[in-house]
Structures are given as C-alpha cells and as structure tokens.
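Starting from the known structure of chain A, fit chain B onto it as the hints suggest.
Chains A and B supply the protein sequences, listed in that same order. Count the first sequence with my numbering and you get residues 1 to 412, in order. Count the second sequence with my numbering and you get residues 1 to 412, in order.
Some clues are possibly wrong.
Said to hold, decoys possible - Covered, in the sense of this in silico footprint (three residues per stretch, anywhere, with C-beta under 8 Å from a C-beta of chain A), are these stretches of chain B:
hint, region
1, 66 to 76
2, 160 to 173
3, 368 to 375
4, 385 to 395
Think of the hints as simulated: they come from the structure by calculation, not from any bench. Beta carbons: idealized from backbone N, C-alpha and C, even for Gly.
Number of protein chains: 2
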Amino acid sequence: MSRSRGRLLVGQSGGCTAVMNSSLVGVIQEALQHPEIDGVYGAVHGIEGVLKEELIDLTREPADNLQRLRYTPAAALGSGRYRLRPGDLELLLEVLKAHNIRYFLYIGGNDSADTTHRLAQAAVAANYELSAIAVPKTIDNDLPLTDHSPGYGSIARFIALAVRDAGRDTEAMRHREPVKIIEVMGRDAGWVAAAAALGKHEEADAPQLIYVPERPLVLERFLNDVEETYRRVGFAVAVVPETIRDENGQPLGQIPLSMGELADAFGHPRLAGAADFLCHEVTRQLGLRARWDKPGTIQRMSIACSSPVDLAEAYEVGRAAVRYALQRETDQMVTLQRDGGLEYHSTTGLVPLAEVANAEKKLPPEYIESSRPFVTDAFREYALPLIGAPLPEYGRLSGPVVPPRLHRRLPS
Amino acid sequence: MSRSRGRLLVGQSGGCTAVMNSSLVGVIQEALQHPEIDGVYGAVHGIEGVLKEELIDLTREPADNLQRLRYTPAAALGSGRYRLRPGDLELLLEVLKAHNIRYFLYIGGNDSADTTHRLAQAAVAANYELSAIAVPKTIDNDLPLTDHSPGYGSIARFIALAVRDAGRDTEAMRHREPVKIIEVMGRDAGWVAAAAALGKHEEADAPQLIYVPERPLVLERFLNDVEETYRRVGFAVAVVPETIRDENGQPLGQIPLSMGELADAFGHPRLAGAADFLCHEVTRQLGLRARWDKPGTIQRMSIACSSPVDLAEAYEVGRAAVRYALQRETDQMVTLQRDGGLEYHSTTGLVPLAEVANAEKKLPPEYIESSRPFVTDAFREYALPLIGAPLPEYGRLSGPVVPPRLHRRLPS
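Isolated chain A (complex conformation) (with noise of 0.2 Å):
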C-alpha cells in the first residue's frame, strides 16, 4: 500500500444488538495484521466521545478477551445517539488530526451512516486524507442498499423461538384466556415483526396474526381477525410492533395529552403501549380473556439465542472495512450480498453512503400478504437462512380422544 500511515479510529452507535462486539472485533483484529495500521483506537460512546477526545488504545486488547467480545452482547466501546450540531465536523477534524487518524470506522445504523458521510465529506473539503466507511448494524434491518443488516438474523432468532413459545403457553390455556398480543421492536418498519413467522410450521403454532408498520391497522378490522382465528384455531396469538398506527396515521395506546398530564399526578404518565391497548380493547369488545408480552431490551440483546451466521457476518462485515479503508475507499458503507447458489452465502460489498444516509428499507409490498395479517412465503425464503440454524422441531400431542363413559357437563 501506497497511503500514508495514520491511526484507526473505530467506534459504535446506537441501539445496542447482540453482534456489534463481532463487528468491533473483526475491525481490531484485522486492523492489528497491518503494519500501514498505525494503532488502533477506540471512540468511547461514539461520535461523542471522538467529539470529548475520549479514545481509548485497543491495540493490546489479550487475545483470548478479543475472543470474549466477540460473543459478547451490546457496545465495548459505549455506544452514543449524538447528532452532529453546527461546528462539530470541524471540531472532529482537529482531533482526528491532532492523533494522526487516517481510517475512521464507524459501526452503527441509519443515523451513523449520516454522520460518517459528513465526516468523510469534511475531510475532502478540508483536504484531510481520511477513509472513513460505515459499518452495518441494525435490529431494524431497515439499511438499504444490502441484503441484510447485521444484528437482524439474532433478533429474528429470538423473535421466532419467543413468539412460538409463548404462543404454546396460550394455547395451552386457551380455555381461560385465549388470546396473547406479542409487542416487539420497530417503529417504521416491520422486519422484526416479520421474523415472527419463521417458527411456524402449522396453524396451531403462533403467530396466526402478524401486523407491520407498513400497513395501517384498523381496530375493527383487528377484532374480526382476532375473533375469526379464535374461532379457527381455539386460540389466538397476534404480533404489533412497538408503533403501529390506525387508518388516521396516530399511533395506537398513546394517552391523550390531558390524561397524560392527569395521570402524572399519580406517578403514572405512561401507557404500557400498543399490545396492552389491544387487549385492552379485545377484552371489552370480543369479551375474551388476553394478556401482553414485551420482550423488551432482551429481544435484540441475547447471546443465548443469536444467529450464528449473524454473528460470523457481523465479524466479516468489520473485518472488511479495513481492507476497504486500506484500499483508499471513503465514504462508503459495507453491504452484504446474497450469493446465488442452493447454500446460502454472502460476500461483502460497498455503496456510498451519499446513497444510504437518508433512505430506509421498509418490507416490500411481496413480504406482505394481501389478503390477511401475515407476511409471505418469499419473507420466509429471504429470512430463514438469516436465523441460523433451523429451530429445534417441537411435538403435539395426536392421541385419540377417548369416549366418554359418563356424559357429563361441568356445572360451570
């Protein structure tokens, strides 16, 4: 290589997720392998902590810890939700300058992307030379321009086996209270709820109701499909994102300006959301017993239930933005691309984050049935491979109902 030697600044931001230590790794431990590499730092809670000139040297993280991390949930480095005000970029400049920083790489979502573009701008209109290339990290799976974001596969994973497990619990106390409402993250977009499906097999395993942001959801309308699969199946166990919104576009389980300001004067502002809502409205109008799940941080958090092709993707996906740094590339973000053969596989690729800072990938119109509540068999083609694995296959009971002797009713 050619370019001058310099430092690698790297840093996380962001909602935390199960495999962006993988991602820090892969970045470490390739950037250790090249002597053009002049140390490797780490931002503390991101861009802010560049911004502090809070860095710390990982240039001597032992082996055998960097072999922790790399299956170790959330952010090593402290992640940040810093946006950038006016004066900073220059600010981030001289501290890039001031430690000799030629490789910036930064690992984080929409809003990451956006900043890293920035940065890497700044530094062409300053004449600074500087690669400075975005890493994918998402729950949300909403980066575009790549087949996936890493941290996706692991919430699926553990979105898939907790809906089909919880949905057990329903159905085995469907006679008391027949119907469960999973929250689960995604404010815009529904690929986490999606995930949903990839445990199911069977209309007796949940979800039978799947909801995404992409389309409204019309309460009425809900109620019919709650009550229909009820009558169907014996039980019903339906999955909303965190932010859904009715046919008028206002979010559902949001209290009224006025109550929120009462119920503060009881030390209870908040509303539990759009599932406690929902079965709030089941059981006053259908007159049947539900109850919420909201699996809460843990969903994008487990390192018990994360996919193992997430994981080695994270880890390659940091690995390859140092090479494509000491390639001179700059303002880029690494994709994934989805190789076309019988196996999945994938290989790493570029796009400028010109492309990616202000878009979104929401589900596309073929993920989502038309016709009911569910996403499509094309979802569940591009998704399974993304979970690892297949989840461990579960059993029912097919024995043969035994005639009754006596005839009786319960007196109920």
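Here is chain B on its own, set in the frame of chain A:
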C-alpha cells in the same frame, strides 16, 4: 406386583413451564414399560378435563413425537387453574371408576398438590383403590420439602442470561439512560428475582440490586440504593419481582381505584406494574433517565435458554412418580433431594401431600443479604448447579485511555 390392574391418568396444571412436558413424557414412557398399567390416559386442561370426562389416549403416541415433546415447552395436554367445588370429588371418583383409573399423577404446583391430596383422601374414604401422586412443577420454586422444583432451574437460567445481557445494554448507554429496572415473575417468593445474581461475576455485571418480596421495598431507600450504585458503578440495574410491597404492605405500581376507573374511560385501565412505577420515581426524584424491561411469558417458556439439569430432573420426577404409584404409594408428592457429593447430583423422594398442600417455601433469611438489596453466596451455591452449564464468559475492554492532546470540553 399384586395390585389390581388399572389405567393411569396424568394431568398438567397451573402456570406453564419450559420443562413440564418432560415430566409428562417421563410419566408416559415409564408407564408404558409396566404391564400392570392397563393403558395411559391424559386429562385435557387438568382436573377440569377429568370432571368433564375429556380424556385422550396416550398409549400409542409415536416414539419420535414423545422425544420432541420432551423438549417442547408448556403443557401438551392443556393446563388449567380449576379449584375444586363442593361435590367435585364425588364426580371425579365417578369418572375414575368409569374408566378403571387406579393411578392418578398430577403435574403441578401448590394448588395441584392440594387437589391431588383431596382426591387421594376422597378415594380412601370411598374405599376406591387409587394411587394419587403429585409431580412437582413450578417456576416459583415455592413447593416445600423438596430441594427445588422442576421449572425453576430453567427460568433461573433465562433470568441470569437476560439480566446480564440487558445490563450490557445499560452499561453501553450509561451516559444517556443509566438506570434499568427489570421486573421478573414472583409474587410472594423471591426465588426468580434472586436468580438474576447467577450471571454476575464483577460489580459492573448486572444486576447491582435485587429486591425480593420477602422484604418490603422502602421507596426512599430504593432511590438511595439506585443513586449510590449510579455514582459508584456509572449505571444501575435493579431487579424487582412483579409483586413488591412497601413498608405498609401496599403493592407498588398499582393505580388507585378512582384513577383506574378514570383511566378506563380512556381504554387504559392497567398499569405496567412495579418496574414502571419505580422508573418514573427514579426519573422524577433522582433526575436519571430510567427504562424498564418485563420479559413476560417467555421467561418461563424458553427452551433455548432452559437448563439441561432441569429438563433431565423434570423427566426423572415423572418416571419416579409412576414407580412410586406402582408401589402403592398415594397422597404423596415426588421430591428432589440433593446428594451431599462434590458434584451436583439429585435423587427423588416422597413427602406426604398433607405437609405440602398449604405450605409455601420462601427465600430463607440466609439467602438474603441483610446489609444491601442482594442475595448471598449461600444462595448462589444453592442455585448455580440448577441452571446447568455455567453461562458463557463475556469480555470487557481493558484498553488504556489515550492521553488527550487537545483537552477540550464538548459544549453541552
């Protein structure tokens, strides 16, 4: 064996667990090995299925399906929560007689033990030869006179994993939202909350604080605990049970009735519970951003995070129940006894149901720290073997801080 031949009837009852089908399969597979048992029936939705004469024949269940069921969560027969009414015992005996059922095995917790006890006594009073045996099952671990209960080891493993993982999220975002409160199952006994300690190795590992129902939560002291932890560790993760009472015995996070009625008008009668309430107080009184997690049904239902020890023991208590029944034991519950050896090993035993039915095993004082909200090493020694293999080790970055060259402060 000299006893008259007859059928075996098995049922499942109470809140579902990840391993209660293992006990069912243990019962079925053991029973099929004994020619004295003239067929194996299952009761649909527990004792309610017996009353309604809703039974299924388990005798010809395919072996591969039984193998899958052994690792399928929840209750394949359907579970129930039926409390016996006057006259029910006579109706139950009629059904047992009509089908010549001479062995009744009931997989469940305290209430199911009581039902089994009353049925056993009614059979004696009616001079009907019956072996009625309770098979322990509860995630609450509150059944007395057994070292522990099948179901507990698996929820303990899930909680240990989930709290450790969720803690990494808080640690990574500690500069923005430094407090997390995780609400876990447990209304009267703190066994599940205590299990959160099992993934902790150092003070930065979550949780720093564990509250159990055996001790009142004094809000002022709780806020002091959170603030002190935040100042010392940089963030704070607290675990609370779903029911936790203040010094006046009032459950936290319950809305006053008048407010409930008011809220109902807006379609939101329910609160998210203790963790929601406590988060609000942390933010209001300490000025620290806080988030709550409430894993819900999945915590007691996850096969992916289950304990292999728990799965194996659940199977063995099912098998043992059949053997005890064949030995003419009745009105007893199967127990697990811990051997004294260096390596963890358990054997099964029996305890009279009269001693089980109205007792409840809480966390003993020696498992609760007196000086701070946490559990003792004695608890960890008790519980660690129950969750199976040790949790995978995680890493943290050890890298030295890079000396700043600009010494700048970010304008906030």
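The hints, checked one at a time:
| no. | hint | verdict |
| --- | --- | --- |
| 1 | 66 to 76 | holds (count 10) |
| 2 | 160 to 173 | holds (count 9) |
| 3 | 368 to 375 | violated (count 0) |
| 4 | 385 to 395 | holds (count 4) |
Of the numbered hints given earlier, the model fails hint 3 alone.
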